[in-house]
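The listed protein sequences correspond, in order, to chains A and B.
Under the numbering used here, the first residue of the first sequence carries the number 41, and numbering increases by one thereafter.
Under the numbering used here, the first residue of the second sequence carries the number 41, and numbering increases by one thereafter.
If you're looking for bench data, these hints aren't it; they were derived computationally from the structure.
It is possible that part of the hints are untrue.
Put simply, identical chains are the same to the list, so a pair is met inside one copy or across any two.
The list that follows gives simulated cross-link-like pairs (lysine to aspartate or glutamate, EDC-like), each with its CA atoms no further than 16 Å apart [to be verified]:
id : residue 1 : residue 2
1  : Lys95     : Glu55
2  : Lys180    : Glu158
3  : Lys178    : Glu158
4  : Lys152    : Glu55
5  : Lys225    : Glu55
6  : Lys132    : Asp76
7  : Lys198    : Glu55
8  : Lys73     : Glu268
9  : Lys178    : Glu162
These numbers come from a predicted model, not from an experiment.
2 protein chains.
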Amino acid sequence: MIIIKLGGSVITNKEKPHSPRKNSIDKIVRVLKKLDEPFVIVHGGGSFGHYWSVKYNMHTKPANYNSHGVSVVKNSMIELNKIVLDSFLKNKLNPYCLPPTDFVFGNKPITKKVKEIEKMAESNLIPITFGDALWFGKNKSYILSGDRIMSMLANILKPKLCVFVLNVDGLYSDPKTKKLISELKGEKPLILKSSKDVTGGMKRKVEEAMKISKKGMNVFFVNGNKPERIIDAVKRKKFHGTLFKGK
Amino acid sequence: MIIIKLGGSVITNKEKPHSPRKNSIDKIVRVLKKLDEPFVIVHGGGSFGHYWSVKYNMHTKPANYNSHGVSVVKNSMIELNKIVLDSFLKNKLNPYCLPPTDFVFGNKPITKKVKEIEKMAESNLIPITFGDALWFGKNKSYILSGDRIMSMLANILKPKLCVFVLNVDGLYSDPKTKKLISELKGEKPLILKSSKDVTGGMKRKVEEAMKISKKGMNVFFVNGNKPERIIDAVKRKKFHGTLFKGK
Numbered sequence: 041m042i043i044i045k046l047g048g049s050v051i052t053n054k055e056k057p058h059s060p061r062k063n064s065i066d067k068i069v070r071v072l073k074k075l076d077e078p079f080v081i082v083h084g085g086g087s088f089g090h091y092w093s094v095k096y097n098m099h100t101k102p103a104n105y106n107s108h109g110v111s112v113v114k115n116s117m118i119e120l121n122k123i124v125l126d127s128f129l130k131n132k133l134n135p136y137c138l139p140p141t142d143f144v145f146g147n148k149p150i151t152k153k154v155k156e157i158e159k160m161a162e163s164n165l166i167p168i169t170f171g172d173a174l175w176f177g178k179n180k181s182y183i184l185s186g187d188r189i190m191s192m193l194a195n196i197l198k199p200k201l202c203v204f205v206l207n208v209d210g211l212y213s214d215p216k217t218k219k220l221i222s223e224l225k226g227e228k229p230l231i232l233k234s235s236k237d238v239t240g241g242m243k244r245k246v247e248e249a250m251k252i253s254k255k256g257m258n259v260f261f262v263n264g265n266k267p268e269r270i271i272d273a274v275k276r277k278k279f280h281g282t283l284f285k286g287k
Numbered sequence: 041m042i043i044i045k046l047g048g049s050v051i052t053n054k055e056k057p058h059s060p061r062k063n064s065i066d067k068i069v070r071v072l073k074k075l076d077e078p079f080v081i082v083h084g085g086g087s088f089g090h091y092w093s094v095k096y097n098m099h100t101k102p103a104n105y106n107s108h109g110v111s112v113v114k115n116s117m118i119e120l121n122k123i124v125l126d127s128f129l130k131n132k133l134n135p136y137c138l139p140p141t142d143f144v145f146g147n148k149p150i151t152k153k154v155k156e157i158e159k160m161a162e163s164n165l166i167p168i169t170f171g172d173a174l175w176f177g178k179n180k181s182y183i184l185s186g187d188r189i190m191s192m193l194a195n196i197l198k199p200k201l202c203v204f205v206l207n208v209d210g211l212y213s214d215p216k217t218k219k220l221i222s223e224l225k226g227e228k229p230l231i232l233k234s235s236k237d238v239t240g241g242m243k244r245k246v247e248e249a250m251k252i253s254k255k256g257m258n259v260f261f262v263n264g265n266k267p268e269r270i271i272d273a274v275k276r277k278k279f280h281g282t283l284f285k286g287k
């Protein structure tokens, strides 16, 4: 089984609120159709949910956030998710929408529910989930990022590969020269040592990727504008991107 | 707390696939805004999910139904649900979408998840769920009707009132003369004695209503084209429709 995260910066235009990149989504979905093993999709919020969570000052820490904000973030995610689902359906695949409310209670995964996601993927359905505004309990809510969902699912499902589909080729050792790091074997990349995350969520992705690879699974960062690289990785073990080797 | 089911025949035009009745939805939502106690919304599938479940021959009994059918029913429900959510948001309410995947495992409710729905309703959110195509496990799926969700939620949450919003005034003792039954105190109405359900799902609604009222809760059938009757019932205990008295 493979878990694939479609980054918000690939499936939306982050510069403009509520602007999906439908062609990019379609292109990725057409390529995913070639995968001949079960997979699960997680997607980010980009100029939908991420945009609104910033507007309403909502974070990953549970707190008493504005209810209207929760509602707006949630609805914007449903809107983006619908676009992703429609692309899968249009390409004659069988998406099945599972907002994280399905498999999360408070901010912890429900193991037996997560395990059913794998069963669904092994039947003829493609489970699709996404980063979201969630109810925590005790009048609190929080943002659960798609990146965090990746490590949640990976911990329980132990996929053969976790793929983060990005808007860049992978992790750069130097953002100026765009020198790509092609493989990491547990060593901490520079980005985790710098205090500021200037690369739009890359630091958080790297943190989740490190967590997953430390548990023995391979994590692959790949450019979503070249989706055939996902197929090369899965079918031919050719990783044109950044591979975090599972230890 | 109150649980309100918006019937598929009120929020869609059942004669034509994928045709929402947006004005009816808006009208109901504007009236629900006047409720000054927590409520939860359940809605049906009408010319969206219900239409497709018939097309793909899917039923409430778990079975190995066509995966594409599951996907199509699910997606059509997301489409209809989005229209309902948008109406709530437009009216400055705070809907929070909870597909039944949230609180169901197999075909049983998850009590601790259902209890959180009440907590959400007591905070400033309006939980909105709907009849849906669900994964059962063991390669099986099934249709969970909105009517069934009503008794599931009522059993655990013990609401003060369950409202079924219909496209007719209530339950008729005689469908020809349209003589309304205004109150039932546990006696079986004629419709449950006849073998055929010619009134488009009314029999199933009455069955769920009887189950709920037998557990001591009041159930009210009301015409969604006259939504102010919901307010009359809740605020002034005037029931213009059919009241199933809780025993």
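Each hint, compared with the structure:
1. Lys95 x Glu55: Intra 14 Å, inter 42 Å, cutoff 16 Å: intra-copy only.
2. Lys180 x Glu158: between (30 Å within a copy, 14 Å between copies)
3. Lys178 x Glu158: between (31 Å within a copy, 11 Å between copies)
4. Lys152 x Glu55: Answer is neither: 39 Å inside a copy and 40 Å across each miss the 16 Å cutoff.
5. Lys225 x Glu55: Neither. Shortest intra-copy (34 Å) and inter-copy (60 Å) distances fail the 16 Å Cα cut-off.
6. Lys132 x Asp76: For Lys132 and Asp76, only the intra-copy Cα distance (15 Å) is at most 16 Å; the inter-copy one is 46 Å.
7. Lys198 x Glu55: neither (35 Å within a copy, 47 Å between copies)
8. Lys73 x Glu268: within (11 Å within a copy, 50 Å between copies)
9. Lys178 x Glu162: between (36 Å within a copy, 11 Å between copies)
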